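A.B. asks: Residue numbers (the working numbering), protein chains in the order written: chain A, 1 to 159; chain B, 1 to 159; chain C, 1 to 159.
Some clues are possibly wrong.
A pair counts as met if it fits within one copy or between any two copies, since identical chains are not told apart.
As the list claims (entries may be wrong) - Subject to a maximum C-alpha distance of 30 Å in a straight line, what follows is the list of computed DSBU-like cross-link-like pairs (lysine-lysine):
id	residue 1	residue 2
1	80	50
2	57	130
3	97	5
4	130	4
5	96	67
6	67	6
7	4	57
8	67	92
9	130	96
None of these hints come from the bench; they were simulated from the model. Please read all numbers here as calculations on a predicted model, not as lab measurements.
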Amino acid sequence: MTEKKKTTIVLFSGDYDKAMAAYIIANGAAAYDHEVTIFHTFWGLNALRKDEDIAVKKGFMERMFGKMMPRGADKMGLSKMNFAGMGPKLIKDIMKKHNAMPLPQLIEMAQEQDVKLVACTMTMDLLGLKQEELLGNIEYAGVAAYLADAEDGNVNLFI
Amino acid sequence: MTEKKKTTIVLFSGDYDKAMAAYIIANGAAAYDHEVTIFHTFWGLNALRKDEDIAVKKGFMERMFGKMMPRGADKMGLSKMNFAGMGPKLIKDIMKKHNAMPLPQLIEMAQEQDVKLVACTMTMDLLGLKQEELLGNIEYAGVAAYLADAEDGNVNLFI
Amino acid sequence: MTEKKKTTIVLFSGDYDKAMAAYIIANGAAAYDHEVTIFHTFWGLNALRKDEDIAVKKGFMERMFGKMMPRGADKMGLSKMNFAGMGPKLIKDIMKKHNAMPLPQLIEMAQEQDVKLVACTMTMDLLGLKQEELLGNIEYAGVAAYLADAEDGNVNLFI
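In isolation and in its complexed conformation, chain A is listed as follows (with noise of 0.2 Å):
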C-alpha cells in the first residue's frame, strides 16, 4: 500500500481571487486523492466567516476589525481591478456565463472532497474572530498543526 500524497495550503491573503486559486487547486489536489489542508489565516480567515452578523462579546478594536472585513468567501474583494468593488461583481458575472463555481461553492465542494479547513487560532484572537462566526465543520490549530502536516507535504503552498 503506498502512502498518499499530501497537498497543504496557507490562505493568508483575503482576495477572492486568490481564495478561488487556493480552493481551484486544493479541489483539484482532492480529486488525485491527495491528503488536502488548508490552513486560513490572517484575511484569509475572511473565507470562513458566516455571511450573517453574528452576535459576540468583543472589545472596541475588534468590532471595528469585524465590521471592515469581509463577512465571507461572497463578499471578498480583488487583488486586482477591484474597482472600488464593481471587479468581483464582473468576475463573478463572467463566471456564471462560463459555469465556472463562484468561491462559496468552490468551499463546499472542498468540504464535500474531505479537504481540511483549519481556522488559525492566533490570528483569530488578533483580528477578534470568534468560533460562532465561522463555518461550521472546520478544525482549530496553530503554526505548529499546519508544520506538522507541510513537513510530509508533496505540494505546499502560500497563498
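Given the coordinates of chain A, assemble chains B and C onto it according to the supplied hints.
C.D. replies: Frame of chain A, contents of chains B and C only:
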C-alpha cells in the same frame, strides 16, 4: 542515472516585480539542471500576452478585460511603489544601469532553456484571452496537469 | 542518525503582516528542529534594514528608493487595511494586548534560534541597499544559494 530535480511555479500575480522573481528563480533552476514549469494563471497570464493588438472575436466583458489588462510583460506594473505607472520605468532604468535583464528577456531566456511555460486554460477562458493573443511555443493545460508536475516537485512555489 | 528537515522561505513581500507570517512559520519550524532559511529579496529586504539612517554613498535613484522604502521591520505597512499608515499601529496595539510578539522581536528570536537570514545580493544592488544598512549577523547570497537549500527542502514557501 539519477532523476532530474523538478521546480514548479504557479505565477498568479500580474506584477512586473513578482514575475521577475518567478522568472529569475525559474532560469536559475533550469541552469541547475532542474526540469522547470511555470504555470500562468489569472493575472500571471498577462506576462505571456503579445504586445501588439490581436484581432479576435470577443464578448463585451472579455473585450473590456482585454483592454484593461497589460498587454505583455513589458507593460506590467509593480506590486509596490508603482507611483501611478512611474515605478516600472524607474526599476527598468535602474536595471539597465546594473545590466540586469528586463522581464521580456528573462522570458526569452526561459524559453531557450526549455522551461515549460503553461497557460491555464480555465482562467484564459474567464479573462477572455485567446491563444492567438499569447506568445508562441507555450503549452495549454489545466490544474490537473499542474498537480501532476507539482506532486513530484522538489521546489513548488506560488507567486 | 536522521537528517534534519528543512524549511525555506523566500520573503519577497515588504508588508508587515506577510513578514510576520513568514517569521512565525520560520520560528515554528526552528522550534520543530528544522533547518530554516529566509531568503529576503525585493521589498522583503526592508525587514532587514536598520532603523537608523546610515551614511553611505549612493546614486540619485538609489537614494530616492532608500528614502521611500520603510527603514526596518517596525516601519512596514500592511497588505490589507493599511488605512494610510494607521493599520500597522492598530495591529500592533492589538498584538500588545494579546501578548503577541511584534515583528522586530520575531526577527531577533529567529536569529537566536539560528534561522539563516539571507539578503539577496542581486536585489540589494537594484534597490541600492548596502550591507552597512542591514542588520548584522546575516548572510549575503544569490538565487543559486537559495536553490541549493530549497531543492532539499521539505517546506518551501514564497511569501
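A.B. asks: Now tell me, hint by hint, if it's right for this structure.
C.D. replies: Now for the hints, and whether the structure bears them out:
1. 80 - 50: both (24 Å within a copy, 20 Å between copies)
2. 57 - 130: within (9 Å within a copy, 49 Å between copies)
3. 97 - 5: neither (34 Å within a copy, 40 Å between copies)
4. 130 - 4: neither (33 Å within a copy, 37 Å between copies)
5. 96 - 67: both (29 Å within a copy, 21 Å between copies)
6. 67 - 6: neither (36 Å within a copy, 40 Å between copies)
7. 4 - 57: neither (42 Å within a copy, 45 Å between copies)
8. 67 - 92: both (23 Å within a copy, 19 Å between copies)
9. 130 - 96: between (32 Å within a copy, 19 Å between copies)
The structure shown violates the earlier hints numbered 3, 4, 6 and 7.
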